[in-house]
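Hey, can you work out the whole structure from these sequences and the hints?
There are 2 protein chains.
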Amino acid sequence: MTNAARARRPSHGPGSLLEVAVTEFNTRGYDATSMEDLSRAAGITKSSFYHHFAGKEALLRAALERAIDGLFTVLDSDGARTGSPLTRLRHIVRGQVEVLVAELPYVTLLLRVRGNTESERWALERRREFDGRIAALVREAVEAGEIRVGVEPALAARLLSGLVNSVVEWARPGPSTLPDDVARAAFEGILPAR
Amino acid sequence: MTNAARARRPSHGPGSLLEVAVTEFNTRGYDATSMEDLSRAAGITKSSFYHHFAGKEALLRAALERAIDGLFTVLDSDGARTGSPLTRLRHIVRGQVEVLVAELPYVTLLLRVRGNTESERWALERRREFDGRIAALVREAVEAGEIRVGVEPALAARLLSGLVNSVVEWARPGPSTLPDDVARAAFEGILPAR
DNA sequence: TAGCGCCGACCGAACGATCGGTGCGTCGTA
DNA sequence: TACGACGCACCGATCGTTCGGTCGGCGCTA
Chain A
1 MTNAARARRP
11 SHGPGSLLEV
21 AVTEFNTRGY
31 DATSMEDLSR
41 AAGITKSSFY
51 HHFAGKEALL
61 RAALERAIDG
71 LFTVLDSDGA
81 RTGSPLTRLR
91 HIVRGQVEVL
101 VAELPYVTLL
111 LRVRGNTESE
121 RWALERRREF
131 DGRIAALVRE
141 AVEAGEIRVG
151 VEPALAARLL
161 SGLVNSVVEW
171 ARPGPSTLPD
181 DVARAAFEGI
191 LPAR
Chain B
1 MTNAARARRP
11 SHGPGSLLEV
21 AVTEFNTRGY
31 DATSMEDLSR
41 AAGITKSSFY
51 HHFAGKEALL
61 RAALERAIDG
71 LFTVLDSDGA
81 RTGSPLTRLR
91 HIVRGQVEVL
101 VAELPYVTLL
111 LRVRGNTESE
121 RWALERRREF
131 DGRIAALVRE
141 AVEAGEIRVG
151 VEPALAARLL
161 SGLVNSVVEW
171 ARPGPSTLPD
181 DVARAAFEGI
191 LPAR
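Protein chains in written order, with full-length UniProt numbering: chain A, 1 to 194; chain B, 1 to 194.
Since the hints were made in silico from the structure, they are not lab data.
Think of the CB as a built atom: it goes at the ideal place given N, C-alpha and C, for glycine as much as any other residue.
Hints may be right or wrong, so weigh each one.
Among chain B residues calculated to face chain A with C-beta under 10 Å, some are [what the hints assert, rightly or not]:
(1) GLY150
(2) PHE187
(3) PRO192
(4) ALA193
Encoded structure:
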C-alpha cells in the first residue's frame with residue numbers, strides 16, 4: 001500500500017470511523033445501534049460505511065481487538081514479569097487502569113459484550129484468559145505469604161477485577177492519579193477504618 | 001375481583017413470564033432478545049405474551065422496578081439509619097450484596113441498562129439517587145474521622161459501588177458468606193499486605 | 001343439575017417499520 | 001482514463017405489535 005493511496009482523501013479513514021462507531025456503541029449499546037445511526041454520526045451514508053468496513057460485526061471485532069491488545073500489553077510489560085507476586089500484581093493493576101483510561105471507549109465496549117456473535121465469544125474467552133492470569137498471580141502472592149488470606153484467593157481476584165473494571169463506568173480521559181488511587185484502594189481498602 | 005377469578009388457570013402467570021424474560025434478557029442482552037425468543041423460552045406464542053404484558057418495554061420496566069425496590073429497601077432498613085456513619089455504611093454494603101444475590105437476575109439487568117427508553121432512563125435516575133445516598137454517607141464517615149482519607153470521598157464512593165455491583169458478574173444464588181466477605185474487602189482491602 | 005353466557009388464556013396470520021447489507025452509478029483527483 | 005470515495009435506491013429478513021378468532025372452565029339461573 002502506498003502512502004498516496006492511504007492519504008488520498010482521508011476525510012473519513014477507517015480509524016476515525018471506528019472511533020465514531022465505538023462511541024455510538026457505548027452510548028446506545030451495540031445491538032441498539034443501527035448502521036444508519038453510525039453513518040449519520042459519521043456524516044456519510046450507510047453504503048459508504050460499507051466501503052471501509054465489511055459490516056457491523058467487523059467494526060465490533062476491530063474495537064474488541066484493540067481493547068484486548070491493550071490489556072495484554074500490560075501483562076507483557078517488564079514490571080508484570082519481574083519481582084515478587086505482590087509487586088507484579090500492583091504494577092498490573094496500575095497498568096490496567098492506565099490502559100482502561102487511555103483506551104476508554106474500546107475497553108468499555110469490551111466489558112459489555114454478552115457473547116451473541118463469534119467475535120464476542122472470542123473476546124469473552126480472551127477476557128477469561130486475562131482474568132485467569134491475574135487470579136494465578138493472586139494465588140501466588142497468598143502462597144508467598146505477602147497477602148493476608150481474609151477470603152478465598154479466587155474470590156479476591158474476582159473482586160479485584162470488578163473493582164478495576166468498574167472504573168470505565170465514570171472515568172474520563174486524560175492524565176490523573178487514578179492508577180495509583182485504584183491500586184491503593186485495592187490493596188489497603190477503599191474505606192479503611194482508622 | 002374474586003379469588004376464584006384470579007386463580008382460574010394460572011399455568012403461565014405474569015410472575016413466571018417475567019422470570020423467563022429477565023433470564024433471556026441477561027443471557028442475550030435486552031435489545032438482542034426478540035419477543036419470539038421470549039415466547040419460545042416461555043412455551044407460548046408471541047401473541048399470547050401480549051395478553052400478559054403490554055409490550056417488551058413493560059417487561060423491562062417491571063423487572064427494573066423490582067430491582068430498584070430491592071435496593072432501596074436496604075436504605076430504609078433500621079441498620080441503615082441508626083449508628084455511626086461507618087456502621088451504617090457497613091450494614092448497607094452487606095445488605096446490598098444480599099439483595100444483589102437474592103434478586104440476582106433483576107439487579108443484573110438493572111446494572112446493564114443504557115438509557116435508550118423512558119423506563120431505562122427512569123432506572124438510571126433511581127440508581128444515581130441510590131449511589132448519591134451512599135456517597136453522602138461516605139462523606140459523613142470521613143468528616144466524622146472514622147475513615148482514613150486516602151483518596152477523595154467521591155472517588156471512594158464510586159469504587160465502593162463498583163466493587164459491590166461487580167458481584168453480579170459471577171455470583172450464584174443461595175446462602176453464602178458473600179455479604180461479609182465483600183464488606184471486609186471494601187473496608188480492609190481486597191488484598192491487604194501483611 | 002342442566003344449560004347458557006361469559007371471560008381469561010391462547011393461537012395463527014398479518015401489519016408497518018426497521019434491520020443489516022448490496023448493486024450500480026457519479027464525482028473528483030492523479 | 002483509472003480508481004477510490006461516496007450516495008441513491010433497493011433487497012429480503014426480522015423486528016415489535018395487533019387483530020380476529022378458538023377453546024374450555026366457571027358462575028348464574030331455571
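Here's how the hints hold up against the structure:
no. : hint   : in the structure
1   : GLY150 : 5 Å, holds
2   : PHE187 : 5 Å, holds
3   : PRO192 : 5 Å, holds
4   : ALA193 : 6 Å, holds
Every hint, counting from the list given before, is met by this structure.
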